[in-house]
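J.: Okay, here's what each chain looks like letter by letter:
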Amino acid sequence: MILNQFLILAAILFCIGVYGVLARRNGVLVLMSVELMLNAVNINLIAFSAYLRSSAGDVFALFVITIAAAEVGVGLAIVLLIYRNLHSPDLDRVEQLKG
Amino acid sequence: MNWFDDWALTLAIFLPALGLGIVLMLPKAEEQLAKVVALGTSLVTLAVGIGILAEFDYGKAGRLQFNVDEPWIKVINAHYHLGLDGISLPMLILSMFITVLCIIYSWNHFPEPHNVKGFLALILLLEVGMNGTFLAEDLILFFIFFEIVLLPMFFMIGVWGGPNREYASIKFFLFTLFGSALMLLGFLALFFLQGSFQIPTLAALGDGNLAETTRLLIFGGLFLGFAIKVPMFPFHTWLPDAHTEAPTVGSVLLAAILLKLGTYGFIRIAIPILPHAARIWAPWIGLLAVIGIIYGAFCCLAQTDMKRLIAFSSVSHMGFVMLGIATLTSFGINAAIFGMVAHGLITGMLFFIGGSVQHTFGTREMGRLGGLLKQAPKMGWILGFCAMASLGLPGLAGFWGEFPAVLSAYQPSHGLSTDAFRTFMVIAAVGTVLAAGYLLWMYQRVAFGEPKPEFANAHIHDVTTVEWIAWTPILLMIVALGVYPDIIFSLTNDGATHIANLVKAVGG
Amino acid sequence: MLEYAWIIPAIPVLSFVVILFFGKKMPKGGSEIGIFAVGTSFMLACITAVQWFQRVENASGKSGGAALSAFGKGLFARAGEGGVIVQPVVSTVRWFQMGGVTVSIGTRIDGLAVMMLFVVTLISLLVHIYSTAYLHDDVRFTYYYAALSLFTASMLTLVVASNTLQLLVGWELVGLCSFMLIGHWWEEQANTNAALKAFLTTRTGDVGLMIGVIITFFAANQSFDIGKVNASALAGLNGHTIWLVGASCLLIGIIGKSGQFPLHTWLPDAMAGPTPVSALIHAATMVVAGVYLGARVYGVFWQGFSIHSGGLNAMAIVGGITILIGAALAFVQDDIKKVLAYSTISQLGYMVMALGVGSWVGAVFHLFTHAFFKALLFLGAGSVAHSGSHHSFDMKKDMGGLRKYMPVTFITFMIGSIALAGIFPLAGFWSKDEILATAGQNGFELFTVVGLIGALMTAAYMTRCVYLTFFGEYRGHHHPKESPKAITIPLIVLAGFSVIAGFANASLFDIEKFKQYIEPTVAFPKNIFGVDFDIGLAALSVGIALTAIGIAAAFWIERKELKGLKGLTERSSVLKAGHTFLVNKYYLDYLYTDVIVGGIKGPIARASYWVNMNIIDGVINGVGKGATVIGRVVYRDIDQLVVDGAVNGIARETDQAGGLLRPLQSGRVQRYALMLFAAVGLIALALAIFG
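Chains as they are written, first to last, in numbering that gives the first Met the number 0: chain B, 0 to 98; chain U, 0 to 507; chain C, 0 to 690.
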């Protein structure tokens with residue numbers, strides 16, 4: 000089994016995700032980027048699971064999917080509230096916690 | 000009365016907490032009800048205290064009584080361990096007693112921003128912490144109660160205080176918290192080295208098995224925690240600010256009880272658990288104590304604000320208490336406990352009067368006051384009485400804190416430097432003259448002479464009924480303790496001798 | 000009664016409480032309670048005294064008989080000598096226990112205590128009666144009586160004290176009463192200043208007392224008991240040095256309380272209080288507390304200062320200096336009360352010097368006689384002010400010629416002055432002579448000379464005082480009249496005592512009641528000096544006193560003639576001569592103060608007064624001001640700047656450090672994420688490199 004392809008794919012997806020999280024201003028897009036990163040991790044987990052013939056990775060992947068679902072739920076709620084309050088999904092305008 | 004023996008101390012601590020809960024649940028508008036509930040709670044607590052007085056075995060005043068010892072946090076072997084002996088008994092009763100009187104005094108005297116409910120809740124929370132500290136026999140429990148009192152006092156100063164309240168309250172909080180942190184470190188070190196948080200166990204173990212440096216460092220940590228609370232020179236600067244800004248009742252509780260938590264800690268924890276280290280530290284503590292006596296007195300002479308003067312006088316008076324403790328003798332520790340009670344009553348009373356003076360005249364500036372004896376003769380007389388008590392006039396309570404402390408310094412615990420302590424004795428004795436100086440000077444400026452034109456035609460209330468109710472018990476106690484000091488000495492003597500013997504036993 | 004002597008101080012305590020709380024509702028403002036209470040105490044004190052005499056008689060193996068007859072007989076027949084031991088009656092109860100030491104409170108009744116009980120209660124009673132008239136319209140009549148009761152109670156507690164700690168308690172309490180009564184008219188700043196000065200000065204001395212009590216406590220192997228302290232001291236327990244230090248400290252206490260040089264300056268200022276108070280507290284009783292202490296724990300001084308070996312010692316020197324400076328200062332006062340105050344200082348000097356030269360009996364005897372005639376003089380001065388000079392004490396402005404208007408006051412005042420001057424056979428003669436003779440025979444000749452010079456000065460300044468007050472023309476602007484009975488009766492009683500008190504120990508006639516009844520026989524220096532009556536010395540001292548009075552009298556006669564002349568001149572013509580006479584009159588006045596002891600006294604007295612007011616007082620005021628200044632400096636520069644500064648500095652530094660890090664806290668989620676990733680990257684890099 001060729002592990003490398005999976006790892007490279009995951010790395011590419013992760014980097015796209017990181018770029019999205021850091022660079023995009025739109026909250027929804029940031030959330031989607033986070034999803035991308037999580038799924039990149041999932042790919043890694045499953046790849047290793049198959050490679051090492053251990054089911055632990057599958058279990059972790061399932062956990063991550065569950066948590067990702069919850070995260071999206073909460074995250075979208077936050078974005079909605081930000082939109083309602085600031086009339087924009089732009090995350091740069093959320094800086095009330097500035098020290 | 001077996002039931003009472005088991006539950007008395009728990010009741011003494013948590014009855015105020017119950018009252019606090021009830022007060023918090025009352026609607027904000029029900030001020031009268033809140034007052035009644037708070038007063039009722041504190042009175043019931045005092046009744047428990049009187050029950051303890053009645054049940055206490057005076058023949059065994061040196062031993063812990065009313066013991067409660069239940070496992071609490073198993074992981075760190077912390078116990079819910081309460082106990083009471085002749086040393087903690089007077090402090091516990093004093094704390095209950097003063098709380099009741101503070102609530103009575105507050106009846107018509109709520110400082111701005113009024114909020115009766117919150118104010119009373121804080122007083123009750125303070126009582127929980129104070130009673131708990133005096134009863135805890137487990138270091139973790141002690142620490143928790145020791146810290147609980149910070150919170151209400153912080154809010155009392157920060158919300159109901161004077162113009163500079165934010166500065167004062169934060170300073171108070173951070174200063175004491177800093178000390179507590181080091182104290183906690185000391186406690187933890189003791190736990191890891193000696194394997195217990197139980198004060199009696201640790202005291203029985205002593206510090207003989209610890210390395211010299213270790214025990215000195217641990218004592219140093221405890222010293223900082225307690226010395227800041229006392230407060231000893233040079234850790235005292237939070238005190239005048241806190242006192243000046245605090246509302247009257249806050250000042251009274253602060254002076255009467257809170258300062259004693261520090262000295263009590265020395266007597267209950269630091270010295271019995273670390274007798275070797277105590278012997279090394281003692282001369283330095285004694286030195287700081289006498290510096291505090293003289294220094295506090297000089298600072299008093301420079302004050303124009305009555306309350307600030309009384310605050311600095313606390314520094315001076317607690318110096319006598321610490322000098323007594325530093326001698327590590329039975330005389331000294333007896334004197335220290337007496338000094339704690341006496342200072343609690345007398346200085347508490349002085350702060351009450353300071354508060355009433357401010358209430359009636361709207362100022363505490365001594366330059367603007369004068370002729371109090373003419374406009375409010377009864378208050379003037381009480382002020383004079385307290386000033387005399389505070390300067391250590393024999394026949395009143397203050398003397399029995401001062402004189403035996405000076406006496407004990409003549410012959411400190413075996414092996415301590417006699418020359419050093421005899422020098423301290425003379426300096427401390429000179430401090431009594433300075434005390435007379437600043438107190439009488441204050442009295443002359445406030446009470447003697449003619450009223451200043453500013454207030455000449457003002458309508459000045461003399462002592463009100465509520466004030467009489469709150470003050471009379473204190474005044475009577477000052478006289479009673481002064482005339483018959485055995486009331487306290489008979490309680491504390493066994494315990495004090497025991498501690499002195501612990502120290503003597505390890506002395507070379 | 001000897002065992003139950005605690006009742007004597009307990010009665011005035013009770014009356015203090017009653018007067019304080021109910022006095023105002025009483026028809027006579029509480030004075031009746033005070034008089035009744037002190038009267039009862041006086042009766043009990045007399046009974047105690049009689050019982051004590053009886054006890055001594057019984058111990059001497061004499062057929063006791065009625066005590067009074069024993070006393071009466073004793074007055075004329077010399078009692079048997081011999082080493083009879085009469086134990087003092089000590090009755091105590093446990094006071095408190097601490098650190099293995101049980102401290103008792105109780106009474107120790109012996110001759111000395113009995114004598115003091117009698118003196119204190121008698122004079123207090125007379126002052127109580129006197130004050131009903133003197134302070135009749137006072138604003139704080141009731142409080143005045145309450146304070147008097149408290150004072151009497153405290154003084155009696157001090158007197159009967161069975162241990163030094165209890166003595167200290169009484170000692171401080173009388174100080175408090177003194178403070179209250181000096182500041183009785185506290186509306187005026189001068190009075191309150193005087194009260195503060197008195198309290199603080201005596202308290203400075205009390206530091207010595209406190210430490211002395213502590214040292215003797217340890218030196219006597221942890222006991223406060225007076226008997227034990229004396230016995231230990233004489234046995235030289237724990238070495239001589241500790242007793243020397245203890246005695247020196249106690250001496251400081253005596254210096255403060257008994258107005259000895261250099262802490263005497265509070266006493267003249269204390270005259271700001273009402274005159275009866277000056278008589279009771281600042282002449283007859285409280286100020287002699289120091290002397291009483293000295294007599295009480297005499298063993299400590301005997302051992303500490305090695306008095307038996309003769310030579311100089313601190314106690315005698317302090318007393319000797321005080322005699323001279325006190326007497327010298329008395330010359331330059333215009334205020335009659337101040338003359339008497341300085342005279343009191345001088346006389347207290349005699350007592351302290353007597354203790355210092357080993358004349359225990361002399362000191363106690365002089366204390367006894369002085370109490371009567373000095374109280375008499377003060378009350379006489381008060382009578383003058385009350386009815387003669389309209390509440391002024393200025394002899395030069397508002398008095399003069401009062402003998403015509405106030406005969407009773409005049410005669411009693413004369414008796415007091417003569418007694419004070421030490422003229423045979425009045426009270427002062429016997430006691431002063433006892434001191435001088437003992438000093439001479441114990442090898443303290445220098446102090447005999449000092450005492451004689453003091454006697455000369457005493458006679459002279461009292462002549463001046465009497466002259467200015469009672470002779471010449473009335474210079475006031477009121478209508479002098481004799482004082483009411485409440486004032487004159489105490490004067491007459493005291494005058495009676497001033498005449499006869501000396502015969503209690505008239506060595507000339509072999510009457511030595513003090514030696515027999517008052518001098519302790521237990522725990523007391525065994526070889527205390529016995530003294531023979533020195534007729535030559537007595538004659539010398541009386542001669543000196545008479546000479547001084549004679550000079551003054553000469554001036555008085557001369558002045559009378561001058562005045563006649565002056566009157567003639569004025570009537571016949573208003574010329575230069577009359578004018579000169581007028582000027583001369585003032586010159587005479589000036590000369591008067593100048594001539595009596597020659598040219599020496601004026602400059603010296605003025606110089607010492609200057610020293611007193613400027614240097615010693617200056618030091619005291621300077622210390623007070625200095626303390627305030629130091630206080631201000633300590634507070635502002637050290638406390639607020641350094642100590643508090645350090646505290647605030649730490650807080651500020653923390654705050655600034657926070658400010659530096661502040662930009663990092665941008666509040667933007669993505670910024671944080673960037674930092675997170677950057678950190679992760681850095682860590683990964685580090686791991687890759689170093690891992």
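A few of these clues could be false.
As the list claims (entries may be wrong) - 20 Å max Cα-Cα, derived PhoX-like pairs, lysine-lysine: (1) U:LYS377 <-> C:LYS23; (2) C:LYS24 <-> U:LYS377; (3) C:LYS396 <-> U:LYS373; (4) C:LYS484 <-> C:LYS403.
Keep in mind that the hints were calculated from the coordinates and are not lab data. For clarity, every value in this text was computed on a predicted model and none was experimentally measured.
J.: Against each hint, give a clear statement of whether it holds in the structure.
T.: So, going through the hints one by one against the coordinates:
1. U:LYS377 <-> C:LYS23: holds (14 Å)
2. C:LYS24 <-> U:LYS377: holds (17 Å)
3. C:LYS396 <-> U:LYS373: violated (33 Å)
4. C:LYS484 <-> C:LYS403: holds (18 Å)
Violation of the numbered hints given earlier is confined to hint 3; every other hint is satisfied by the structure.
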